[in-house]
Structure formats: structure tokens, C-alpha cells
Amino acid sequence: AQTVTQSQPEMSVQEAETVTLSCTYDTSESDYYLFWYKQPPSRQMILVIRQEAYKQQNATENRFSVNFQKAAKSFSLKISDSQLGDAAMYFCALTLVYGQNFVFGPGTRLSVLP
Amino acid sequence: NAGVMQNPRHLVRRRGQEARLRCSPMKGHSHVYWYRQLPEEGLKFMVYLQKENIIDESGMPKERFSAEFPKEGPSILRIQQVVRGDSAAYFCASSRDRGQTYEQYFGPGTRLTVT
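The listed protein sequences correspond, in order, to chains A and B.
Under the numbering used here, the first residue of the first sequence carries the number 1, and numbering increases by one thereafter.
Under the numbering used here, the first residue of the second sequence carries the number 115, and numbering increases by one thereafter.
Read the hints as simulated data drawn from the structure, not as lab findings.
Ideal placement from N, C-alpha and C gives every residue a C-beta, glycine not left out.
One or more hints might be untrue.
Derived lysine-lysine pairs resembling DSSO-like cross-links, with alpha carbons at most 30 angstroms apart [unchecked claim]:
| id | chain 1 | residue 1 | chain 2 | residue 2 |
| --- | --- | --- | --- | --- |
| 1 | A | K78 | B | K158 |
| 2 | A | K73 | B | K158 |
| 3 | B | K185 | A | K55 |
| 4 | B | K158 | A | K70 |
Facing chain A, from chain B, some residues (calculated, C-beta under 8 angstroms) [claimed, not checked]:
| id | residue |
| --- | --- |
| 5 | Y147 |
| 6 | L152 |
| 7 | E155 |
| 8 | G156 |
| 9 | Y162 |
| 10 | N167 |
| 11 | E171 |
| 12 | F179 |
| 13 | F205 |
| 14 | F220 |
| 15 | P222 |
| 16 | G223 |
Just a sample of chain B residues kept apart from chain A, beta carbon distances all over 12 angstroms, derived [what the hints assert, rightly or not]:
| id | residue |
| --- | --- |
| 17 | R123 |
| 18 | Q131 |
| 19 | S138 |
| 20 | K141 |
| 21 | M160 |
| 22 | K165 |
| 23 | E177 |
| 24 | R178 |
| 25 | G199 |
Bound conformation, chain B alone:
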């Protein structure tokens, strides 16, 4: 039973480019959560999605960041016009049902470096 998968594991982008991070939840899970970890800090919640719906995006920066979880395929976190401050590790987690955050399983993360 494959766990939460994220790709790429490492992503390098120049300032101004777009970054696309992908997350495939565990089999049977339809809820996805994205977190960002800045260097030497804990994880910070960004957005919570169910298939085809954004449930809570209270942690998302207002500009340049967007997320989606289509009916088919992985969840995508998109960062447009990246800046150096976007360099961080981005983690995805998934759960089977809504409200079951205590059963969230984390992926290995994507480390984004902006040069």
C-alpha cells in the first residue's frame, strides 16, 4: 500500500519562473493538506482540499499561490513568479475523511530552491 507520494523531491527554479508541486494521496484518501516548512522552522498549514473543492485556504499567501485537487490525478500546488522567499520544503498530507486530521499521513516533501 503506497504512501503519500510527492514529486519532484527537489525542484530548482529561477526567480520569476513557475513551480508546480504534485501530491498523490494514499489509496482511498480523498482529502489533501499542504504545509510549508521554512528553514529552521516548523510546518505551517497552507491549504486543505477535497477532490474538486478547496475547503480551507486560510494559510495560503494571497498572491502567486494556488492549489487544486482535480477529480482525476494528483493535487497540484502552483507558485507563480517565484521569489527567493519561496525557498522551502513543501509537504503534502492526506486523510480518508474530512475531520480526520489525526489520521493524516505525510509525504516525503518537495524541497524548492529559488535561485
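The following block holds chain A by itself, in its conformation from the complex:
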């Protein structure tokens, strides 16, 4: 079975600063994908970034980047130049390459201070 842990229930960051959200996971499989989803108050699940486990290079999407440490089973999200619109719940998730569902972490609530 797969598990995903997010040890930071809440985080805050000053506008324009950088913040890192932590995620660790456990799986005995070698082929999987990792994701970060953003859930604003509207509750829509918005894909932020995706990482294929077979890729050593860390994924980057504009101000969002990940630090993927496969051996340590760690997958942190870095948000640079934080904006007020980044305030939301952030969920880390894992799915196997031939899996049938996502496994989500409990989430981290990010506040952005003006």
C-alpha cells in the first residue's frame, strides 16, 4: 500500500518570499508519479506540478519547483516570489504508473501575508 505524509498542517510566507512545503511518501513500487495539487477556497483541485519517478531532473513550472529525493522518498514543493493568490491548501499525491487511484496526503494550509 502507498502512503503520503505532510508534516506541516499550516505554513505562512510573506508576499514575494520563498516557501517550501514538505512531503514524504512510502511505496514499494519503483514506477510512480508524484503530484502537488492546490485547492483554493473554491475547492477546485488544481494541478500545480507533476514528477515522474524515473526522471532524476526536478520538475519546474514557472515559480513552482520540486526537490525530488527518490532514495529518501521525499518530494518537497518550493514556491518562489509568493503571491497572494498562492494562498490555498496544498496536497501532495502519489499514483502508481499502472495504478488505479491517487493517494493524497492530509494537506498543508498556506497563508500568504501582504
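Based on these hints, arrange chain B on the given structure of chain A.
Below, chain B without anything else, positioned relative to chain A:
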């Protein structure tokens, strides 16, 4: 190209009533996944369906919950005799092919409130 659609967006039911949640997958997608999000928690997998087939229902409560995805029309998640603990947001996701969970797209969710 319309995304995954769910309706209603908000549903209020009294204890003991039935709740029906509908999900229309993206065009060209024939695989549907239902997730439940309890307050202040992450999403939890409930059931995975292909048209006219339940592939994996390992996350579904054993009683009162059922799901279907008919040949025509949306997927339906049905909760009979709702209780307060069923109050949650229910999300649907869809993918084109089996095993392509990494290409799942989420709907906006249905928030169920049981009074």
C-alpha cells in the same frame, strides 16, 4: 473542450434521505474515479468505474453507498439513508484509458451537507 462536470455543486439532505451525485467525464474519457474529502482532510479514493463496470470499489463504505457508470449518461454516486458523517466534498475525476491515473482530471466537486 469541457472539463469534468459535477452536479449539483451543493446538496443539502436531511438525515435518512438519499443523495445522488452526478459526474460527467471529459469528452473521450471512459474511466471515472470518485473521491471523498472530509473536512480538513485530504481526498480519499472511493471507487473506480469504467462504463458498465465497477473496477475497484475498495474505498467504498460497505453499506449505503453505491456507484454506477451506465453506457449512456453520467456516473452516479448514490448514498442511501444519509447520516451527518456523510457530510463532505465528493470529487469525481476521469481519464481516457485504464491505468492512466497520472492523466486524471478532477471535477469541481459536490459539497454534501446532511442536517
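Now the hints, each set against the structure:
1. Pair hint K78(A) plus K158(B) holds up; C-alpha atoms about 25 angstroms apart against a cutoff of 30 angstroms.
2. Between K73(A) and K158(B) the alpha-carbon distance is near 21 angstroms, which keeps this suggested pair within the 30 angstroms criterion.
3. For the proposed pair K185(B) and K55(A), the alpha carbon gap of about 38 angstroms is over 30 angstroms, so the pair is violated.
4. Simply put, K158(B) and K70(A) have alpha-carbon atoms about 24 angstroms apart, close enough for the 30 angstroms limit, and the pair holds.
5. A cut of 8 angstroms between beta carbons decides the hint on Y147(B): the least distance to chain A is about 6 angstroms, and the hint holds.
6. Given the 8 angstroms rule on beta carbons, the hint for L152(B) is violated: about 10 angstroms separates it from the nearest Cβ of chain A.
7. Because the closest C-beta pair between E155(B) and chain A is about 6 angstroms apart, less than 8 angstroms, the hint holds.
8. The closest approach between the C-beta of G156(B) and any C-beta of chain A is roughly 4 angstroms, which is under the 8 angstroms cut-off, so the hint is satisfied.
9. The restraint placing Y162(B) at the interface with chain A holds, with a minimum CB-CB distance near 5 angstroms, inside the 8 angstroms limit.
10. For the restraint placing N167(B) at the interface with chain A, the shortest Cβ-Cβ distance is roughly 12 angstroms, beyond the 8 angstroms limit, so the hint is violated.
11. Nearest Cβ of chain A to the Cβ of E171(B): about 11 angstroms, over the 8 angstroms cut. The hint is violated.
12. For F179(B), the interface hint is violated, since its Cβ never comes within 8 angstroms of a Cβ in chain A; the closest pair sits about 16 angstroms apart.
13. With a least beta-carbon distance of about 7 angstroms to chain A, the hint placing F205(B) at the interface is held under the 8 angstroms criterion.
14. Hint on F220(B) holds. Least Cβ distance to chain A is approximately 4 angstroms, under the 8 angstroms limit.
15. The restraint placing P222(B) at the interface with chain A holds, with a minimum CB-CB distance near 5 angstroms, inside the 8 angstroms limit.
16. For the restraint placing G223(B) at the interface with chain A, the shortest Cβ-Cβ distance is roughly 5 angstroms, inside the 8 angstroms limit, so the hint holds.
17. Interface exclusion of R123(B) from chain A breaks down, the closest Cβ pair being 9 angstroms apart, not more than 12 angstroms.
18. Against the 12 angstroms criterion, Q131(B) stays outside the reach of chain A, whose nearest CB is about 23 angstroms from its own CB.
19. In this structure S138(B) is separated from chain A by more than 12 angstroms, as the shortest Cβ-Cβ distance comes to about 16 angstroms.
20. The beta carbon of K141(B) sits about 19 angstroms from the closest Cβ of chain A, which is more than 12 angstroms, so the claim that it is off the interface holds.
21. Interface exclusion of M160(B) from chain A breaks down, the closest Cβ pair being 9 angstroms apart, not more than 12 angstroms.
22. The claim that K165(B) lies off the interface holds: its Cβ sits roughly 15 angstroms from the closest Cβ of chain A, which is beyond the 12 angstroms cut-off.
23. Taking the minimum C-beta to C-beta distance to chain A, about 21 angstroms, the non-interface status of E177(B) holds against the 12 angstroms cut.
24. Interface exclusion of R178(B) from chain A stands, the closest Cβ pair being 21 angstroms apart, more than 12 angstroms.
25. Distance to chain A confirms G199(B) as a non-interface residue, since its nearest Cβ pair spans about 18 angstroms, more than 12 angstroms.
Checked against the numbered hints given earlier, the structure breaks hints 3, 6, 10, 11, 12, 17 and 21 and satisfies all the rest.
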